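Chain by chain, the residues:
Protein chains: 2
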Amino acid sequence: MVTIRDVAKHAGVSVATVSRVLNSTGYVREDTREKVMQAITLLNYSPNEVARSLYKRESRLIGLLLPDITNPFFPQLARGIEDEVHSQGFRLLFGNSDEDLKKEAAYLHTFTQNHVVGMITARTISDDETYKRLGFPVVFLDRTSPQYPSVYADGREGGRIAAQEIIKRGSKQITLLKGPPNVKPAQERFQGALETLSGANVDFQVMNTTSFSFHEAKKWAKELFEKHANTDGVIASNDIVAAAILREALQLGKSIPDELQIVGFDDIPQSELLFPALSTIRQPAYEMGKEAAKLLLKYIKKEIVQNKHIELPVTFIERNTTRKVD
Amino acid sequence: MVTIRDVAKHAGVSVATVSRVLNSTGYVREDTREKVMQAITLLNYSPNEVARSLYKRESRLIGLLLPDITNPFFPQLARGIEDEVHSQGFRLLFGNSDEDLKKEAAYLHTFTQNHVVGMITARTISDDETYKRLGFPVVFLDRTSPQYPSVYADGREGGRIAAQEIIKRGSKQITLLKGPPNVKPAQERFQGALETLSGANVDFQVMNTTSFSFHEAKKWAKELFEKHANTDGVIASNDIVAAAILREALQLGKSIPDELQIVGFDDIPQSELLFPALSTIRQPAYEMGKEAAKLLLKYIKKEIVQNKHIELPVTFIERNTTRKVD
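If you read the sequences in order, they're chains A and B. For the first sequence, position 147 (counting from the first letter as 1) is numbered 147 according to full-length UniProt numbering, and the numbering increases by one without interruption. For the second sequence, position 83 (counting from the first letter as 1) is numbered 83 according to full-length UniProt numbering, and the numbering increases by one without interruption.
Hints listed in this document are in silico derivations from the structure and should not be mistaken for laboratory results. Don't take every hint at face value.
Each pair may be met inside one copy or between any two copies, as identical chains are not told apart.
Think about it this way: if two alpha-carbon atoms lie no more than 25 angstroms apart in a straight line, the pair counts; the simulated DSS-like pairs of lysine-lysine are [claimed, not checked]:
1. K103 with K301
2. K294 with K102
3. K294 with K132
4. K184 with K219
5. K298 with K103
6. K324 with K218
7. K298 with K308
8. K178 with K219
9. K9 with K302
From a predicted model like this one, the values you see are computed outputs, not experimental measurements.
Use the sequences and the hints to build the structure in full.
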């Protein structure tokens with residue numbers, strides 16, 4: 001077997017220099033570097049898997065594009081992905097897209113330049129031209145896509161469940177918050193809730209919102225009680241908005257859940273630390289991340305994929321912002 | 001044109017030493033470093049052009065190692081880093097270390113193999129051998145280090161302020177929560193608070209905790225009121241633990257802040273959505289991330305660094321879990 005010593009001897013350099021070339025550490029003169037690479041090729045030296053893949057211009061890197069890691073839904077998702085890819089010996093190149101096409105394009109460019117072997121993306125527009133030109137597998141996460149492999153929770157069903165549970169517990173004048181129009185999963189949960197409310201024997205109103213930011217959540221909460229002072233049930237667009245509404249309601253002296261019920265969406269870890277603890281629709285964020293990573297790694301390893309669309313179930317987490325029923 | 005040799009000669013050191021200073025790799029004595037920086041300034045040496053050829057073969061990747069992105073302090077930090085490196089055309093290779101040395105070593109290995117040009121790390125043990133052998137600059141974040149460049153908030157002062165504010169507002173039987181022993185910033189805020197409490201005319205008790213996890217926070221909260229039912233002021237180890245204590249206190253029917261005051265630490269975005277909103281010590285997480293990225297990029301671009309240790313101020317954010325004073 002050819003060793004690093006043989007390469008060094010053939011190239012007329014030290015073993016340390018060959019090592020520096022292979023690891024791309026320290027300074028090596030360009031002509032020295034070329035001599036070493038030639039010796040490697042001639043002797044058919046195969047240092048180790050990583051150096052080999054480097055040489056072939058492959059990597060063990062996976063691109064990850066999330067809308068914004070400061071939205072508390074995404075750290076869990078990212079953690080699920082990282083745990084899985086790390087356990088299989090891969091690493092993440094990470095960026096926030098801000099749902100901004102220019103920023104996304106910059107990241108796709110970088111991912112290509114750094115020879116990622118695959119990519120996971122949580123983005124809004126799923127089927128444009130951008131992704132077609134990529135030379136590696138892509139998995140959509142928290143988004144459905146007819147053409148790309150995808151992992152998502154059943155948001156529409158989540159919306160239906162939220163509406164059913166709040167109706168079953170006696171709310172008669174329900175406010176449904178519609179999330180940001182460009183966030184597809186927010187629209188799906190909205191549609192699901194709307195469907196159930198429309199078919200039920202209750203009054204309801206829809207209130208539009210345009211973001212999930214902490215700062216704006218307080219604004220929606222104020223607006224809600226100014227516009228709909230007598231609402232007795234709120235289906236929030238996510239848990240952050242639900243927390244802001246809970247806070248505003250308590251400040252207004254409302255008794256929760258007796259006068260007003262609130263149901264959130266996501267089940268971020270903070271929700272169970274609220275008082276009263278938030279009843280919500282759980283999306284299994286960590287598991288979604290893990291499943292997306294598993295699915296992508298199957299494509300990367302060219303294994304057979306039985307199901308390219310993985311839908312994870314949502315569940316009602318009953319805590320104390322909703323009343324008890326038998 | 002001034003060369004690196006001229007700089008070395010002027011400073012009375014070897015070329016290798018100048019290189020180590022420029023790249024912030026390996027150990028250089030502080031007085032040697034200053035001599036080199038003076039020579040660079042005096043001779044108006046501009047290493048950028050020389051470095052350019054080297055630079056071309058390098059990547060525009062930066063390694064980022066955080067303890068755990070699901071701790072709500074870190075997404076803000078990560079976001080500050082990403083915004084800055086992205087605006088300067090660099091990208092992040094990201095991992096969670098879990099404060100686990102083996103996982104950290106695996107990431108350091110990957111960072112090297114993927115030719116990162118620098119690295120930002122938030123880790124506990126700051127001065128062991130591991131980081132000495134890296135061939136690229138490293139900035140410590142949320143951690144102090146005598147030898148490496150670092151960006152951190154003044155945790156000890158934060159602890160002092162928390163204690164001063166709660167004493168000033170009349171708590172007489174204070175419980176101080178000591179954070180996980182292996183998390184250095186948690187120990188610093190604890191020491192600061194302890195110092196102030198020790199010198200003040202109040203009774204206090206210390207309660208040990210071993211994690212910042214959401215799940216365990218509820219446990220500490222229960223334990224606190226079992227052990228110290230009559231406490232009238234809590235200095236929490238962070239905002240998550242403070243939220244759990246607030247929740248437990250409200251559940252026990254305590255009036256906040258009249259019977260019990262609570263001060264958190266971090267000012268994570270969720271804290272202002274609690275009811276009552278949490279009074280806390282703010283660490284400027286986003287700004288810390290941005291400053292760390294700026295500092296690292298100066299080393300990467302071989303610019304002159306005036307201050308390799310950047311301490312950002314902490315501030316008391318007065319909300320409604322503490323009483324008002326004039």
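Status of each hint after checking the structure:
no.: 1; hint: K103 with K301; result: between (29 angstroms within a copy, 23 angstroms between copies)
no.: 2; hint: K294 with K102; result: between (28 angstroms within a copy, 23 angstroms between copies)
no.: 3; hint: K294 with K132; result: within (22 angstroms within a copy, 35 angstroms between copies)
no.: 4; hint: K184 with K219; result: within (22 angstroms within a copy, 37 angstroms between copies)
no.: 5; hint: K298 with K103; result: between (28 angstroms within a copy, 23 angstroms between copies)
no.: 6; hint: K324 with K218; result: between (28 angstroms within a copy, 23 angstroms between copies)
no.: 7; hint: K298 with K308; result: within (10 angstroms within a copy, 45 angstroms between copies)
no.: 8; hint: K178 with K219; result: within (14 angstroms within a copy, 36 angstroms between copies)
no.: 9; hint: K9 with K302; result: within (19 angstroms within a copy, 35 angstroms between copies)
In terms of the numbered hints stated before, the structure departs from none.
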